[in-house]
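Chemist: Spelled out, the chains give:
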Amino acid sequence: MRPSVILHSFGYFAQGALATVAVSLAAIAIGFAIGALVCMARLSRQALIVRLGAIYVSVFRGVPLLVQLLFIYYFLAKFGVDVPALAAAIGGLACSSAAFQSEILRGALNAVPRGQGEAAVALGFRSVDIWRRVLLPQALRISVPPLINEFILLLKASSLVSVVGIAELTRVSMNVASSTYRPLEAYVGGGLFYLAINLCLAGFGALAERRLSRAGVR
Amino acid sequence: MSFDVLWRYAPSLASGFGVTVFCWGAGGALGVVLGFLIALGFRAGAAPLRWALRVFVEVFRGTPFLMQLFLLYAGGPAIGLRLSATQAGILGLGVYSSSYFAEIFRAGFAAVPQGQVEAAMSVGMTRFDTLKRVILPSALVAALPPIVNTLIVLSKETVVLSIITVPELMYQAQTMAAETFTAFEAIFALAVFYWLLVEVVSRLGRRLELMATRFLSHEAL
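As given, the protein sequences belong to chains A and B, one line each in that order.
First residue of the first sequence: 1, per the working numbering; consecutive thereafter.
First residue of the second sequence: 219, per the working numbering; consecutive thereafter.
Excised from the complex, chain B in its bound form (with noise of 0.2 Å):
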């Protein structure tokens, strides 16, 4: 093990965290919102819209993350999407994972008792407000640790953006085994990263979810 080539390609391989992050962020951020509106359209929608939903989420969650990749980038400019690596990995991460986390979040919006939205409407709150004081409140805290689940998950598929170019951590890891021939301080490098950010992001998650469910007992009281 040589600490001097770590040394060298510090640089590039903190560089590659950084855009790991921020693809892991934004795709994850871009997911999280697409799905909370899709599982709204779920609830909300008229047919026609629900079963396009359906086939969406469907789609997505059947076929690889890869696949979708490379539509995209690949297949994107014959529709006139033209994307650098980079956008097309975060676009493909939150659409990606959208389907995932739309059927979290109506997940959570079926746990949460039908009395409660009856009685929020028998005291004459409107449809928004019921949405907005009795539906979310309790559907978030359900879906709080499967989505917690979901983004550590996600961060592992980040890799996957090494293979359509997109220089993050895997791609700067294998230009220096590539270059150096120094496999053994390429896969150090990666465990050490990889293992940290999922460390702190399920440290945070518990936390999260922590501060969730202590809100929770409170209403209960």
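Next up, chain A with everything else stripped away, as it sits in the complex (with noise of 0.2 Å):
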């Protein structure tokens, strides 16, 4: 084991968690856009968007994540669909993370006390701001810690993009491995500045979480 290995390509792999970060963002927001209206969907009263969102859920959490990426990456390819390598890392990370988040909101929104959203009818609210003014503010605080807690998690799996060829941590690792012939400390380096994000979103959930009960109570 040779430390300098590791601080030789320090900035290597700063970049790579530059992009594993970046990629993680993207796809974390995106997905929530999507687990946003797949939580919509299950909520609906048609029974037939119920289920479509369901099977959307079922599928997208049930089939593992790689299966997905290359499915995009390369099996689309050959049906004549070309994806370039960064679309289909961001899309596949964020379609399965939509699934996680949908479940995420849709436990929130059941959280928020029944007898809030009933009161806002009583008072006369259209339904724009009950959803608006009464619900969302608070089941959205409700879901901050489990989706900081997600984003912790796609960070992981990002890794995973490194198959369809994005340079982000784990393929800088293999590189900084495959260079030195010291795949010992490249591999180390990589999973200390993984350690180190995901440490500082830890952290930055239990901030969060405080902040946010505390604000709760009043």
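Each hint should be verified, as a subset may be incorrect.
[As the list claims (entries may be wrong)] In the EDC-like style, the derived pairs of lysine to aspartate or glutamate whose C-alpha atoms are separated by at most 20 Å in a straight line are:
1) K374/B / E150/A
2) K78/A / E397/B
3) K374/B / E103/A
In short, the hints are calculated from the structure, not lab data.
Could you fit the two chains together into a complex? Lean on the hints.
Modeler: Structural data, given as structure tokens:
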């Protein structure tokens, strides 16, 4: 074990870490949008739409992420749809994360006491206002800690996009391993970067949880 | 969709499925046992041991599984650990999942009311007996549903083993797709096999939980 190998490639690792964070951020944001749509579908009054939402969740949660990524990147190409690597990576991560995020949002909406919505109806709020001023503010607050948790999981899952050739942290570690002939140091280095990012996120999550719970008391 | 390609590749797909199930079973079992030992260490160990275990758990939960596999498979030889791809895969799955199982067992232990432990001590049970007869039965029942859940998640993680060339289902399906240009058939085979695996595991898990809770309701009477 020679730590100097890690120090030598420090800038390279940092670039990879930046790419990992960027890809994960894009995926979690797009995943949130899709997840919100899926969550709306599952709360719809139309049975067919509810069913479609449930199928989306069960497929994207049930099929391994690597299979989804390879499907988008390699197999879609064989059907004549050419997807660029970056789009495949972010799209795959986002679609899979959307399934989890829709469940988080649904759980959060269910956790808002029923009386809140009923009280708003009784006061004559329009349904848009009920959502905008009563349900969503509370539900989003409840969903912040699990969403940060989902972001940590997504960040770890993003190591799989190295297989479609994105130069993120895992791919960078592989490159360092093959160019220095020191796989042990390369992967320990990459792992330390992942650990540092995740510890920051976990700390941020704990902070957010504390602040939000204080606001909830008020 | 051409079924004769699937038929021709059925033996290799079936053997891949076998390897997947084997790696998942062996890795999961290793993870449960290791995780249990870690949780015991959390409970009973001295402070330095507890500290070391906490670092272990945080490291393995905080880094991607793929990274751990590369470290084990490619980095292992540098410290004299020469493993075949399958061995590295099983060991990797076991160590990775042990950090999750450890937390599950720890939560299970924490769910046992302190009064029960105090009661056992006050009637003169030894520490070992308290563990065996009072803490473990209810802790294990509490831990069972999240354990089954983690095992299901783990069955999907086995796909990652294909990247370090473990000849499991994903690897065989990709080989088939590459050799015969049959993308759709490969996806179809993957879907059927993984669906089968997850379905069987969740059914077994549900039955196990039912058995465990029945035992619990007997206790309550």
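Chemist: For each hint, tell me whether it holds in the structure or not.
Modeler: Hints, one by one, checked against the model:
1. With a C-alpha separation of about 17 Å, the suggested pair K374/B and E150/A falls inside the 20 Å cut-off, and the hint holds.
2. Among the hinted pairs, K78/A with E397/B is consistent with the structure: their alpha-carbon atoms are about 13 Å apart, no more than 20 Å.
3. Taking the CA atoms of K374/B and E103/A, the gap is about 19 Å. The hint holds against a cut of 20 Å.
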